[in-house]
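Residue numbers (this note's numbering), protein chains in the order written: chain A, 1 to 319; chain B, 320 to 658; chain C, 659 to 1251.
By construction, these hints were calculated from the structure, which means they are not laboratory data. Just so you know, these numbers come straight off a predicted model, no measurement behind them. Please note that a few of the clues may not be correct.
[To be verified] Computed footprint of chain B on chain C, listed as stretches where at least three residues anywhere in the stretch have a Cβ under 8 Å from a Cβ of chain B:
no., stretch
1, 810–818
2, 974–987
3, 1001–1009
4, 1178–1187
[Claimed, not checked] Cβ-to-Cβ under 8 Å is the rule here; a few derived chain B residues that face chain C:
no., residue
5, P360
6, D367
7, A368
8, F503
9, T515
10, R516
11, H568
12, P571
13, H572
14, G575
15, L578
16, L598
17, H620
Every residue, glycine too, gets a C-beta built ideally from N, C-alpha and C.
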Amino acid sequence: MRFVLSRLGYSALVLLSVSVLTFALLELSPGEFFDDLKVDGRVGSGTVEALREQAGLTDSAVTRYVKWMGSVARGEFGISLARRSPVGSLLWERTRNTLMLTAPAMLVCWMIALPLGLWMARHRGRLADRILSTGSSTMLALPDLLVALALLLLALRTGLFPAGGMHSAGIDSQRALDTLRDVAIHAFLPFCALVIVLLPPVLRHVRASAIEAIDAPAVRAARGHGIRGWRLTLRYILPLSANPLISLAGLSCAALVSASLMIEVVMSWPGLGPLLVESLLAKDVPVVLGASMLATIVLVGGNLLADLALFAIDPRVRT
Amino acid sequence: MKRAVTVVSVLVGLHLLILLAGFVAPYDPTTQVRTLPFAPPSRIHFVDAAGIFHLRPFVYASAPDGAGDYYVEDMSVRYPVRFFTRGARYSIVPGIESDVHVAGVDAPGRLTLAGTDGYGRDVFSRVLHGARVSVTAGLLATLCALFVGTVLGTLAGFTGGVVDRIVMRAADVFMAVPWLYLLFAVRAALPLHLDTRAAFLLLVAVLGVVGWARPSRLVRGIVLSAKERAYVRVAEGFGASPLYVLRRHVLPHTYGVVLTQAGLLVPQFILAEVTLSFLGLGIGEPEASLGSMLGTLQQYHVLASYWWMFAPAIALVAVAAGYHALTSLAHDRARLVAS
Amino acid sequence: MAQRLMRLIGTMFGALLVSVLPLTAAAPAALFTPGEELQVERAATGRPGGRLVVALRAEPRTLNPLLVADAPSREVVGRMTGDLIHINRLSQAIEPALASAWTRSKDGREYTLTLRKGLRFSDGHPFDADDVVFTFQALLDARVASPQRDLLIVGGKPIDVKKVDEYHVRVSLAGPYAAAERLFDSVAILPRHLLERAFMEGTLQEAWTTQVAAGAIAGLGPYRLKEYVAGQRLVLERNPYYWKVDANTRRLPYIDELVFLFTGNEDAQVIRFQSGESDVLGRVGADNFNLLMKDQTSRRFQLADLGPSLEYNFLFFNLNDLSGKNLPQVAARQRWFTDVHFRRAVSLAIDRDAIVRLVFKGRGVPLWGNVTPGNRLWQNTSLPRPARSVADARAVLKTAGYSWRSDGALVDRQGQKVEFTIATSATSAQRTEMATLIQADLKELGMDVRVVPLEFRALLDRILDTFDYDASVQGFGGGDADPNGEMNVWLSRGTNHYWRLGQKQPATPWEAEIDRLMQQQLVTLDIPERKRLYDRVQMIIAENVPFIFLATPHVLVGARADLGNFQPSVLDHYTLWNVEQLYFKSQGRSNGR
C-alpha cells in the first residue's frame, strides 16, 4: 500500500514538472496564436490587441500559468484559442477516437509479437528468423507517414477501402449496427498502418528478451529434463522474460495516444493527431499543453501499472 | 563469425560510399537542370538504335515530351559512360578537394542513375551527399543521447538512494515534455547566417541531449543488477575503491545495452528529421539530407508519380538494417562474453 | 446614377426583382408567404435533391460569423449566412442580395438600403431592419473585437447604421469612400432574436462555437446547420426559407444536404476527391491537379484551370529602420538592399519562367507588378516586363559600383562579399521552392544566398517584430479585386508594408507619392479616374521594386462531372459561391457511400 501511495505521489510531481516545463518552452519559442491575423491585411493592429487581451495573452507568464492551473482544477484544462471552448472536452472526444484505433492495434501487435518473437527466439539463426529479423528492421526504417500514404494509394487503386475518415458522409448515426460496420471498414487501413509501424519494435524486444531467457540456467535445466516445444516456451521461457516485457508494455501505453498521430493526419481519422498538428502549428498553447499533459498521464499511468504488475508477480521487486 | 565479417564489411562499405560521396556521385547535389524536372533514371544501353552492340555502355539524352510528364530518349547521339571523369569540384574532408568522379558522361548527356527531382537535380548524387549529412547527424545525436544517458544512468544506479530517485523522476519528465518547442526556441536564437549544415547539426545534437531518458533507464537497470553480483561485492569487500569497481566490474556490463541502443537510435534520429524539416527545423535548401528527401517523397503527387524518388527510403533502409545487424551482433557477442 | 447602375447589374446577371410571386402549378410544395420579396436566378434550372460532399483542408474553428478568420470557417459560414450587397464571384461586380436596392447621396457619404420584405431566417423568424442594425452594432463593438471590424472603419470612424423603417436602413460614412457597396459583401446578417441576449451580457464572442446546438443557430444563407461531428464532418441541410428562386419559381437551393468533411491536409483532400468520396475540390496545387488530370475521364471529373489567380508572390528585402535594434550585421547588409540598382539587378536575374514551369508546373504566369492578369479590371498592362538577363543584371550592378572577384563572387565598393539569406515558411513548399530557384539564379550573379525555411510563426516574428532577417519570399492577395483591399500593403503606415514597417512619416518620396495616390483613389468615386490613379501606383512600385514580384499560380478546382451549374471563380469561395444553384444532373445521384 505504501508502495502504491509513494508511486502516486511521485507521479503527481512528474505531472507538475512536465506542465511547468512545457509551459516555459511554449513561452520561449517565438510567435503567438494571433500572429496570422497580423498578416491579414483586413485586420488592424487594434483588433489583434483586443483579441489578445480577450484571450488573456497580455497577462504575464506566471499569471497565465496560475490561471491555467485554476482551469485544470475546474476540469477545463484551459480554453482553446482557436475554438474558444474548453480543451478538456475537445481532447476527450478526440482521445476516444484515437483509442478506438490504437487499442485494438496494440492488442493485435502483442498477439502477433509474443508468439512470433518466442518462436523466432527458439529458432534463432535459422532462415525464417533471419528473414523476419531483416524484415522487421527494414520496417523500422520506414516513416509512418509514408506507410499511411502507400496504403492510401493502394486503397485508391483497388477501390476496396474508403480513402480516409471515420464515417461515410451519409451514415445515419441512429442505426448503431450500420454505424459500427461503417466505422470498422474505415478503421481498417489506419489500423493496418499502425500495426505495421508498431509491430517491429515490439517484435524485436520480445525476441531479445526470449533469447535472454533461453540462455538462463533454469531453461537449460528444463531442457535437460527433456521439456521441449511450446510447453518449454510457455512454462519456462515466457515467465523468465516477463519482467522486461511488462516494463515494455507499460511504455507501450504511452504509444496509445502518440503512435497514431501522423497516420491520423494522412488518413483523416478524427483523433488527436489532426487536432494536435493544427494546434502545434497555430500555437494554440492551451491545446498543446493539454495534449502534453494527457500524454504524460498515460505514460506515467502505464509505468505505474507496469510497476504494480511487477510488484504482483515478481517478488524481487517488493524489497 | 562469417556473418560478423559480412555485416561489418557491408557497413564499412556503406560508410565509405557515403564518405566518398563527392567522388562516387557523378554530379554536384545542388546543381539544377531546369529542363529536366522529375526525369526518370537514365537507361544504360549496350545496343544502339541501329542494333549495333557497343562494349562501352552508353546513355541517350532525354527530353520532356509535350506536356512534360514523360520523357523520351533522343536516339541520335550516344553518350558513352566514361570512368574517372572530371566534373564539379567537391571535398571529401576539409582540405582534400578534387574534381574527379568515378563515372560520368559528356555534357549535355546526363548520367542520372536514380532520376532527377523537381529541380532537375541528380537524385543519386543527392542521396549520397544527403546520407553523409544524415548519418553524421544520426551519429552525433546518438552520441549525445548515449553519453548523457550513460553518465546519468550509471550515477543513478550506482549511487542509489535520493540521487537515483531524482534522476529517474527527471527521466520520466524528460520523456513526456514536447521538446519540439525547445528546438523552435533554439532555432530562433540562432543567427540565420549560420551555415545550413552547422545549424542543422546543432539542432539534432540538442534533440540527442534531451533524448537521454530512455537509455539512462536501461543503463541504470544493468548497473543495478551488476552491482549486486557476487564478485562485485567481493571486490568491494577487498576494499576496492568505488571508481575502480565501477570501471572494472560494472560499466563493462552496460556495453551491450549501449550498443543495442546505438543501433536503434541512429536510424531513429535520421527519421526524426522528416518531421523536423516539415516544421522548418531540418536542413535548408539546396543542401540534401535523407530526412528532407523523404519529406519530398511524402507529397502525394511525388509518391504516386515518380517511383525513383523512393531512393532515399532505400538508402535509409540499408543504413538502418546495417546498424540493426551490428547491434544484434554486439548482442550475441555480449552474451558470449557474459556466459 | 446609382439607380441606373443597379438596373444594369440587374439585367446583366439575371437577378430580377419581383414583389409577389404567382403560385403556379409548376411551383414545388415550398411555402410561399404572401408579400415575400424573392430574388429570381434566371440562369439556374436544375433538378432538386441529393447530397453534396465537400472535403475541407482543416476543421472550421468557429461558426460565429463575427469571429471568422480562417478559410474553412469562412467557407462554411458563407453557406449559412446572407449579406446585404454581394460581389458576384464571376463578374467581380456588385449585385443586390438582402438589400434589393440602394441609393447614394450626392457627396457619396450616405447610403439608403431597401431590404427585401417578408424574408425569414432559417429558423422561420422574420427578418427586418432591426437585424441589420443589430448586426452592425455587434460587428463594430470593440469588446467583440471582430476581425471584420476594421473593414468597416471608413475615414477613421466606424460606419453608422440607422433604422429608417422596418425595411430601410441608412448607412453613413465619415468620409467619401469609393466602392463602398463592396464593404457589405460577406458581412453576414445575424438574427437579433438569437444573439441579442449574449450581446447584452457581453458573451457574444463565446456564442456559436463549433459545439453549438443546431436549434440555436440561424442565418439567411441557402443552408442551415443540421449536425456537427467534432473532427469529422459538418452536415448542413437545405434552408426551406431561402430567398432565391429559379426561373420556374422553384425555391433554391436544389441540393438537400451539404456535407463538409474535415481532412488534415491538401493531399488528404485530393485523395478523398479522387476516390469519389467528395464531390467538389477547392483550390489545389498544380502537382495534384496534374495528377487528377490523368484520371479525368476514367473517374468522371470536371477539372477547371481558371487562369491566373489574384495572389502575387514576391521576394522582398529588409529595409526596416534598425536604429533601435541591435542588429549590426543586418544593418551592414542593408547598404545593398536599400540600393534600388541592387534590387533591380536581382529582379533582372530571376528566372520567372522557371518558377512558373517548375513550381506551378506551367499553371501560372510570371509577374512584374502587384496586380495579376486575373484582375482584368485593375491591371496596369503597360508595366515594363524586362526579360531575364544575367548580362543586364551584371551591367546594372557594375554601374552601381559592384565588382567581381577572381573566384566569381560579387563584392561591393568596400570589397565586402555580397551574401545574404532568404527566409521562407517551411509549411509553404511552393515559396521555399521559389527561394531555391532564386538562390541558384543569383549564384550566376556571384551572390552567395542561403535559403532558410523557418516555422511559419517564427518567420512572422522576424518579419513583423524583431526585423532579424535579410530577405523573404511571401505572398498576398486573393481576397477582393478592388484596390482598397491593398491599402494595408502600400500605405507607408500599413501593417502589411513588409519591407519597412512602422513608418510615422513616409521614408522616401516615392512612398509618400504612393500614400497620396492611394488615399486619393479611396475617395474618388469615378472609376476611370481611380484606375488612372492606381495605374500610377503600380508604375511607381515597379520602378522602385520594394517587392520583386515573381509569379501567380492559376486557380485550379474540380468537381464531379455530374454536378450542374458548376461555375468556379478566381475569387475566394472559388467553387461554392453559387452553391444554391448546384444540382446533380442524373437522378437519385447523391454521395453517401
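Structure-based check of all given hints:
1. Coverage of the stretch 810–818 of chain C by chain B is violated in this model, with 0 residues showing a Cβ closer than 8 Å to a Cβ of that chain against a need of three.
2. Against chain B, the stretch 974–987 of chain C contributes 1 residues with a C-beta closer than 8 Å to a partner C-beta. That does not satisfy the three-residue criterion, and the hint is violated.
3. Counting residues of the stretch 1001–1009 of chain C whose beta-carbon sits less than 8 Å from any beta-carbon of chain B gives 1, not enough to reach three: the coverage restraint is violated.
4. A count of 0 residues in the stretch 1178–1187 of chain C with a Cβ less than 8 Å from any Cβ of chain B is obtained; the coverage claim is therefore unmet, three being the minimum.
5. At about 20 Å, the closest approach between the beta carbon of B/P360 and any beta carbon in chain C exceeds 8 Å, and the interface hint on this residue is violated.
6. Taken as an interface hint, B/D367 does not check out: its beta carbon lies about 32 Å from the nearest beta carbon of chain C, beyond 8 Å.
7. Among the interface hints, the one on B/A368 is violated; its C-beta lies about 29 Å from the nearest C-beta in chain C, farther than the 8 Å criterion.
8. A cut of 8 Å between beta carbons decides the hint on B/F503: the least distance to chain C is about 6 Å, and the hint holds.
9. This hint holds: B/T515 has a C-beta 6 Å from the nearest C-beta of chain C, less than the 8 Å allowed.
10. Taken as an interface hint, B/R516 does not check out: its beta carbon lies about 11 Å from the nearest beta carbon of chain C, beyond 8 Å.
11. With a cut of 8 Å, the hint placing B/H568 at the interface with chain C is violated, because the nearest CB-to-CB distance is about 48 Å.
12. With 8 Å as the threshold, the beta carbon of B/P571 stays out of range of chain C, its nearest partner Cβ sitting at about 44 Å, so the hint is violated.
13. Taken as an interface hint, B/H572 does not check out: its beta carbon lies about 43 Å from the nearest beta carbon of chain C, beyond 8 Å.
14. Nearest Cβ of chain C to the Cβ of B/G575: about 39 Å, over the 8 Å cut. The hint is violated.
15. Of the supplied interface hints, the one on B/L578 is violated, with its beta-carbon coming no nearer than about 35 Å to a beta-carbon of chain C, more than 8 Å.
16. Taking 8 Å as the C-beta cut-off, the interface hint given for B/L598 holds, the closest approach to chain C being about 5 Å.
17. Residue-level restraint check for B/H620 holds (minimum Cβ-Cβ distance to chain C is 4 Å; threshold 8 Å).
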